[in-house]
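Generate coordinates for the entire structure from the input sequences, incorporating the hints supplied.
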Amino acid sequence: MKALGLAFSARKRGNSLNCVEYVLKRLKEQGFETWIINAYDCQIEPCSHCNYECFAPELRGKDEECPIRDDVKRIYGEMKEADIIVLAVPTYSGKPASLYCAFTERGQGIIKSSREFEQYVSGKIIALIVIGNIPAGGDLAYHTVILDHYECKCPPPSLLLQSAECGQSSVLGTLVEDEKVKDRLDNLVKLMLERWDSKR
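Position in the sequence shown (from 1) plus 11 gives the number in the working numbering.
I should point out that these hints are in silico values taken from the structure, not numbers from a laboratory.
Where hints are given, some of them may not hold.
[Stated by the list, open to error] Below, computed lysine-lysine pairings styled on BS3-like, alpha-carbon distance capped at 27 angstroms:
id	residue 1	residue 2
1	91	201
2	23	13
3	23	191
4	13	193
5	84	164
6	84	106
7	210	13
8	23	106
9	36	91
10	193	39
11	164	106
12	84	39
13	13	84
14	164	210
15	36	13
16	164	36
17	39	164
18	123	210
19	39	201
20	91	210
21	91	123
22	73	91
23	36	201
24	193	106
25	73	123
26	191	39
27	193	23
28	210	193
29	84	23
30	73	191
31	123	84
32	91	23
33	36	210
34	13	123
35	123	164
36	91	13
37	91	191
38	191	106
39	91	39
40	84	73
Right, dumping it as structure tokens:
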């Protein structure tokens with residue numbers, strides 16, 4: 012039983028990483044082996060300066076590798092090893108963080124078939140945490156992240172966490188200290204565990 016947390020914040024420690032750590036701590040208490048990938052510590056490049064290698068079979072009749080050398084392929088490989096994946100995505104300028112967007116768009120160069128998609132993503136238990144206030148576009152970021160996972164076998168459990176609801180600043184990284192936030196994260200863990208139990 013393995014659970015992976017992915018935090019896509021541009022800063023080393025903030026609400027995204029803190030929420031992922033909280034959720035994985037709860038999963039560890041249930042016997043899961045857990046680990047975290049913090050996007051801050053990774054090199055994640057967007058699609059750029061290529062020759063559509065991900066579409067090479069259609070364009071040139073052969074497989075070709077993505078020419079970008081960064082950590083994206085390794086991260087997808089670690090996703091493949093996990094049974095549960097928890098993603099935390101902050102909202103920047105009304106959109107999901109660009110590290111998250113770059114990571115997901117690069118997936119087309121790694122996941123080549125619906126069978127592989129199941130191995131990497133759709134066959135997993137996935138949970139989504141989006142952090143952002145609605146007046147700042149948190150709801151738009153939330154819907155974008157959810158739609159990115161519409162091909163999963165069932166809609167992932169998800170949360171939109173707003174610092175404004177807790178009377179907090181959005182930049183202090185203290186959201187997880189609020190009891191209401193902990194309750195919502197605990198409920199997210201409960202939903203993941205229910206899906207895990209039904210899957211076994």
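Would you check the hint for residue 73 and residue 91, treating anything up to 27 angstroms between C-alpha atoms as holding? Holds, at roughly 24 angstroms.
Against the 27 angstroms threshold, does the CA-CA distance of residue 84 and residue 106 hold or violate the hint? The given pair, whose Cα atoms are some 24 angstroms apart, holds under the 27 angstroms limit.
With a cut-off of 27 angstroms on the C-alpha distance, tell me whether residue 13 and residue 84 pass. holds, 19 angstroms
Quick one, are residue 73 and residue 191 close enough, alpha carbons at most 27 angstroms? violated, 53 angstroms
For the pair supplied as a hint, residue 91 and residue 191, is the alpha-carbon distance within the 27 angstroms limit? Between residue 91 and residue 191 the Cα gap is close to 32 angstroms, so the pair fails against 27 angstroms, i.e. violated.
Could you grab the alpha-carbon distance between residue 123 and residue 210 and see if it respects the 27 angstroms cut-off? holds, 25 angstroms
Satisfaction of hint between residue 123 and residue 73, Cα-Cα up to 27 angstroms: holds, 12 angstroms
Given the proposed pairing of residue 13 with residue 123, does the C-alpha separation stay at or below 27 angstroms? Given pair residue 13, residue 123 holds - Cα atoms ~24 angstroms apart, limit 27 angstroms.
With a cut-off of 27 angstroms on the C-alpha distance, tell me whether residue 84 and residue 39 pass. The hint holds at about 26 angstroms.
CA of residue 36 to CA of residue 210, is that 27 angstroms or under? holds, 21 angstroms
Straight-line alpha-carbon gap residue 123 to residue 84, limit 27 angstroms: holds, 13 angstroms
Does residue 201 sit within 27 angstroms of residue 91, going by the straight-line distance between their CA atoms? Holds, because 22 angstroms separates the two Cα atoms, which is no more than 27 angstroms.
Checked against the numbered hints above, the structure violates hints 30, 37; every other hint is satisfied.
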